[in-house]
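*Asks:* Fit chain B to the supplied structure of chain A, relying on the hints for placement.
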Amino acid sequence: GAGVSQSPSNKVTEKGKDVELRCDPISGHTALYWYRQSLGQGLEFLIYFQGNSAPDKSGLPSDRFSAERTGGSVSTLTIQRTQQEDSAVYLCASSFTRRDWNEQFFGPGTRLTVL
Amino acid sequence: ILNVEQSPQSLHVQEGDSTNFTCSFPSSNFYALHWYRWETAKSPEALFVMTLNGDEKKKGRISATLNTKEGYSYLYIKGSQPEDSATYLCASTMYSGGGADGLTFGKGTHLIIQP
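Top to bottom, those sequences are chains A and B.
Just add 100 to wherever you are in the first sequence, counting from 1, and you've got the working numbering.
Just add 1 to wherever you are in the second sequence, counting from 1, and you've got the working numbering.
Quick caveat, the hints were computed from the structure, so don't treat them as lab data.
Every value quoted in this text rests on a predicted model; they were computed, and no experiment measured them.
List of simulated lysine to aspartate or glutamate pairs, EDC-like, C-alpha gap at most 20 Å:
no.	chain 1	residue 1	chain 2	residue 2
1	B	Lys-60	A	Glu-203
2	B	Lys-43	A	Glu-144
3	B	Lys-108	A	Glu-144
4	B	Lys-43	A	Asp-124
5	B	Lys-79	B	Asp-18
6	B	Lys-79	B	Glu-57
7	B	Lys-108	A	Glu-185
8	B	Lys-59	B	Glu-46
9	B	Lys-43	A	Glu-203
10	B	Lys-58	A	Glu-203
11	B	Lys-59	A	Glu-203
12	A	Lys-117	A	Asp-163
13	A	Lys-115	A	Glu-185
14	B	Lys-43	B	Glu-84
15	B	Lys-108	A	Glu-203
16	A	Lys-111	A	Glu-185
17	A	Lys-157	A	Glu-120
Far from chain A, by Cβ distances over 10 Å, these chain B residues were calculated:
no.	residue
18	Ser-8
19	Leu-12
20	Asp-18
21	Asn-21
22	Ser-29
23	Asn-54
24	Gly-61
25	Asn-68
26	Tyr-73
27	Glu-84
28	Ser-86
29	Ile-113
30	Ile-114
Built from N, CA and C at the ideal position, the CB exists for glycine as well.
Only chain A is shown next, with the shape it has when bound in the complex:
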């Protein structure tokens, strides 16, 4: 597609359940980023991929969060045993490379609500 796509657009889940969020970056973009924005907060960096590897996992808030990227393209962010504080908009972005100031192109986000 022409832009970054994410699915689902909205997800409501019960506390304790696992959720999986998907990101499909722009074709040819080697760098992929996950962010989240909780209510009243700025964009919080979670993790980035260069190709299929994730050299920077420093932003993952706990070991309940994990992410993978396959084929240098699609990425999934998995949250296990969701908690109410995980409620946020999860954004994915991609760019041509990371070690450059290339523009990051964002997807529309997944709004996660944990009841």
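*Replies:* Chain B only, in chain A's frame:
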């Protein structure tokens, strides 16, 4: 300044008025400063990328300036229109060992244009 800070957090402006808001960022190891516009239910969209002290960029009624020595950038909107209503995000990139090192975002300024 260790983080990217934006002010004000929110702003109500009458249609037709001009407005501006501020982004403060770490001035050491500065590489680039980005402005994004994030409209409700849409993806953040890049407005400007600036790298040089004194840079000024313009797109229609929106312009931005950059002071890398003191670590701030201003975004100006002239003759505000309802379609300017959005959250405006600022992000800085720092120089790290041969290249830029990703984006650190501020919390954004939520702009509401009142007809």
